[in-house]
Structure formats: C-alpha cells, structure tokens
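Protein chains: 2
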Amino acid sequence: MRKAVCLLSGGLDSATCLAVARRDGFATYALSFDYGQRHILELDAAARVAQAMGAADHRVARIDLRMFGGSALTAGIDVPKHRSAAEMEAGIPVTYVPARNTIFLSFAMAWAEVLEAPDLFLGVNAVDYSGYPDCRPEFVAAFETMANLATKAGVEGKTKLRVHTPLLHLTKAEIIRLGVSCGVDYGLTHSCYDPEPGGRPCGACDSCLLRAKGFAEAGVRDGLLDRYGL
Amino acid sequence: MRKAVCLLSGGLDSATCLAVARRDGFATYALSFDYGQRHILELDAAARVAQAMGAADHRVARIDLRMFGGSALTAGIDVPKHRSAAEMEAGIPVTYVPARNTIFLSFAMAWAEVLEAPDLFLGVNAVDYSGYPDCRPEFVAAFETMANLATKAGVEGKTKLRVHTPLLHLTKAEIIRLGVSCGVDYGLTHSCYDPEPGGRPCGACDSCLLRAKGFAEAGVRDGLLDRYGL
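The listed protein sequences derive, respectively, from chains L and P. Count along the first sequence from 1, add 1, and you get the number used in my numbering. Count along the second sequence from 1, add 1, and you get the number used in my numbering.
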C-alpha cells in the first residue's frame, strides 16, 4: 500500500481530504499541529477523525506560532462574527495565520521524506474559502516545485513529491457530498474558530457560517449539531 | 532602519550572514531553532553572536524534528568522521535533516510578515557546502517564489519578500575573510556536529573539516581553537 502524509486539522475539509486519500488506496499518515491556536480542541476532533478513518499513524507536532502572533487565532485579537458573504470576500481576514500552511506543509514534507512517501494531501479549497493566500492553487503549485528542489528524494530523482488537493475546486457543499460518499462522520469534526469552553461552536465566525451554508446547500444534516443538541 | 529576519544557527556561515545584514544597514531579528539537534549547544553560540552583533531581537523557536528522525543530527545515527573531500562530494550525507531549511525559512517568513520586514537572510553557500539540496540557489529561488504567493504581504503586492543569500557563491575562505571585515569574532561561533559534552569540537566531522580547511585557506587563525586551547 502506498503511504501518504495527510494534514489533518480536525475540520470538515481536512477530514474529507483524509477520506479521499483512503478511498484512493493510500495508507494515511495524519499530521496535526498544536500551534497555540485559539481553537485547540480541534485536536480532539483530529484524533477522533484519524481513528474513525483508520489512519496508519497520527502525530501532533508542537510548534508555537504565538511567538510571532499576528492573527486572531494566535494573538489577543477578536474573531470577527456575523460577517456577510461580501465582507468575507473583501480581503484577507484577521484569522489568517502568517505562513501557517507553508509551515504545516514543510513538516509534512519532512515526514514524507523519512517515510519515503512522496504523496501529501492538503484539504485546501479555493471556492468557498476564507480569502487565505495559502489556500490558492498557485501557492500549492509553487510549494510543490520548491519541495522537489529541497529534498534528497527530489534531487536524486527517485520520486517526485506531489501535493494532492482534491478539494481545491469544490464548493463547500460539494466537499460535504464527497465526504458523505467516502464515509466521513462530520459529527466528529470541529470547525469553529472561537468555541465555548465545552467545544460548542459559536455559530457566528466565518468558519461556522461557511460550514452551515455548505450543509444547507448540500441538503445534508450536520452531525455536529446533534453532538451539541443544536 | 529596515528590519531583516536572519536565520542564525550559531555557526560560522550564519554569523557571517548576520554581520553582512548589519553592515548593509538592517536592524537584525535573529531566529534560531531548538529542533532536537545533537549539537544543541550551538544555541549558546547563537546567543553570543546575536549579542555581539547587536541584533535587535533574538528568538529561539522550539520544534521537534526528532519526531521524524531520518538524520544523524536528529536520530541515533553516527556522525561520519574523517571523510575525504571526494567522499564529501559523493552525495547527500546522513547529516542532512529532511526539510530543515524549508521549515526554518517558513518560520522566518511568518516572523517577517508580522514584523512587516520583507527581507530574510540565510547563510547558505553552494561552493564549500556539504551536499545539502536545500543549500542550492535553485532551492532558494523557488522558496522565494512560493513565499510571495503564500503571504498576505505578497498577495497585496505591498512588499516583495526577498531571501538574501550573500554567501551563496563564496568559498569557505572567502566567507571567513568577509566575516573578519565585518567584525565577526569566530571564537563565539560553533560548527561541530558532534561536540564533546563541554563543547569542544570533535575536529573530524564534515563541519569541523570544512571549517579548518576554510581558515587554513583564508590564512586566518580560528578563534574557536583558542577558546578550547587547541
């Protein structure tokens, strides 16, 4: 079985991406990050999802992005609430974490090289996304080019590292339908940027709003609502 | 004064690179990593160098690359000793750490974005180097391209992130002469991959051998030898 390193935040997109990797026949090596994020409990969701999806391994890297700050997720900046679609589309929001996906992919690349697994899976999408620069196809392509120059495997030409982004051109509703077809239990996932202490989603941050819109458009009941009796 | 983020391992090259950034008029923000390296005491050297060179700030990021291993610097693999120049040139050595420079540059990029400092300094060199893929000009160029697609600053087009590599095409002897002209005290630095507990260099790993050859060719006495009475 071919191995693939899959970035897993514990959210809707990364859970779906992991399920797609499994569907496509990969033994999955899930990688999550404790980076000082406000919604640290997404790591519990990542562990639930990795187990439910039969990941071959699941590791959590500890890095401290609070040492730089610069984001509502890693510094004392409020998470915006109740934003309209127009507001979300107007620019890069304060929940953007500087260099986050680059850092995450760099760690994935390190693990992939040691595992001799040239396949990485990343659940970014460029349609119903939150305006993050490091979720765009041009970023992913440039990362892949760089990675193949950075690594021993790339230089020796044995294998070419590839960043798979199966969700890149899907809407949130399409992602949900794809996940359901791959057996994802979305009740195990977590999306909210600013949850209550017990984990109940705020329902008002961009991430909650995009999630609710996606389930509504997909015509699917969000299992997370049942988890919290919503 | 323009700000620059400078990667600083505490070795000869990064100390010289920091000195060049200062010479060129930048306020320097030095960044080091506790990544589980065998030669962790290079961080003491980094602190000495940052202070001596008047860095505006010096931070140490803690990341654990032992979680992946795959290198003589991060796993239980012996550091090769007494290798000839021909052996060093024969391929990528086991002291290569998968994705290390990519990970380091990614963190530098995060800090640079928060500081609004589009200049990064990296002390790689492609002449007297140890065969690492992520020390080559093509890697650095690809990283820069990727970085400008990954970040808010890059996307908004305000500033273009640039990775400065002033040592890229210099021999070790030329680097040493440059450093001396910029006021570097090489007695403060540390290069050895496999030092004795008190910090005394082994004198036989690739890093020690390249350093000794560089000082011999430059016709300069290595202050580090005085530090240990060698």
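No lab work stands behind these hints: they were computed from the structure. Among the clues, some could well be false.
Which copy is meant is left open, because identical chains are indistinguishable; a pair holds if it fits in one copy or across any two.
[Stated by the list, open to error] Below, computed lysine-lysine pairings styled on DSS-like, alpha-carbon distance capped at 30 Å:
1) K159 x K214
2) K161 x K214
3) K4 x K214
4) K4 x K82
5) K153 x K214
6) K153 x K82
7) K4 x K159
8) K159 x K82
9) K161 x K4
10) K4 x K153
Now the hints, each set against the structure:
Taking the shortest alpha-carbon separations for K159 and K214, neither the intra-copy value of 44 Å nor the inter-copy value of 33 Å comes in at or below 30 Å. When the C-alpha separation of K161 and K214 is checked against a cutoff of 30 Å, the pair qualifies neither within a copy, at 37 Å, nor between copies, at 36 Å. Taking the shortest alpha-carbon separations for K4 and K214, neither the intra-copy value of 34 Å nor the inter-copy value of 43 Å comes in at or below 30 Å. In this assembly of identical chains, the alpha carbons of K4 and K82 never lie at most 30 Å apart, being 39 Å within a copy and 34 Å across copies at closest.
In this assembly of identical chains, K153 and K214 lie within 30 Å of each other by CA distance solely across copies; the values are 26 Å between and 43 Å within a copy. Only between protomers do K153 and K82 lie at most 30 Å apart by alpha-carbon distance; the minimum there is 21 Å, versus 45 Å within a single protomer. In the homo-oligomer, the alpha carbons of K4 and K159 lie at most 30 Å apart inside one protomer (16 Å), although the nearest pairing across protomers, at 40 Å, exceeds that limit. Taking identical chains as interchangeable, the C-alpha atoms of K159 and K82 lie at most 30 Å apart only when they sit on different chains, with a minimum of 27 Å there against 48 Å within one chain.
For the homomeric pair K161 and K4, the shortest alpha-carbon distance inside one copy (14 Å) is at most 30 Å, but the shortest distance between copies (37 Å) is not. In this homomeric assembly, K4 and K153 come within 30 Å of each other (Cα to Cα) only inside a single copy, at 18 Å, whereas the closest approach across copies is 33 Å.
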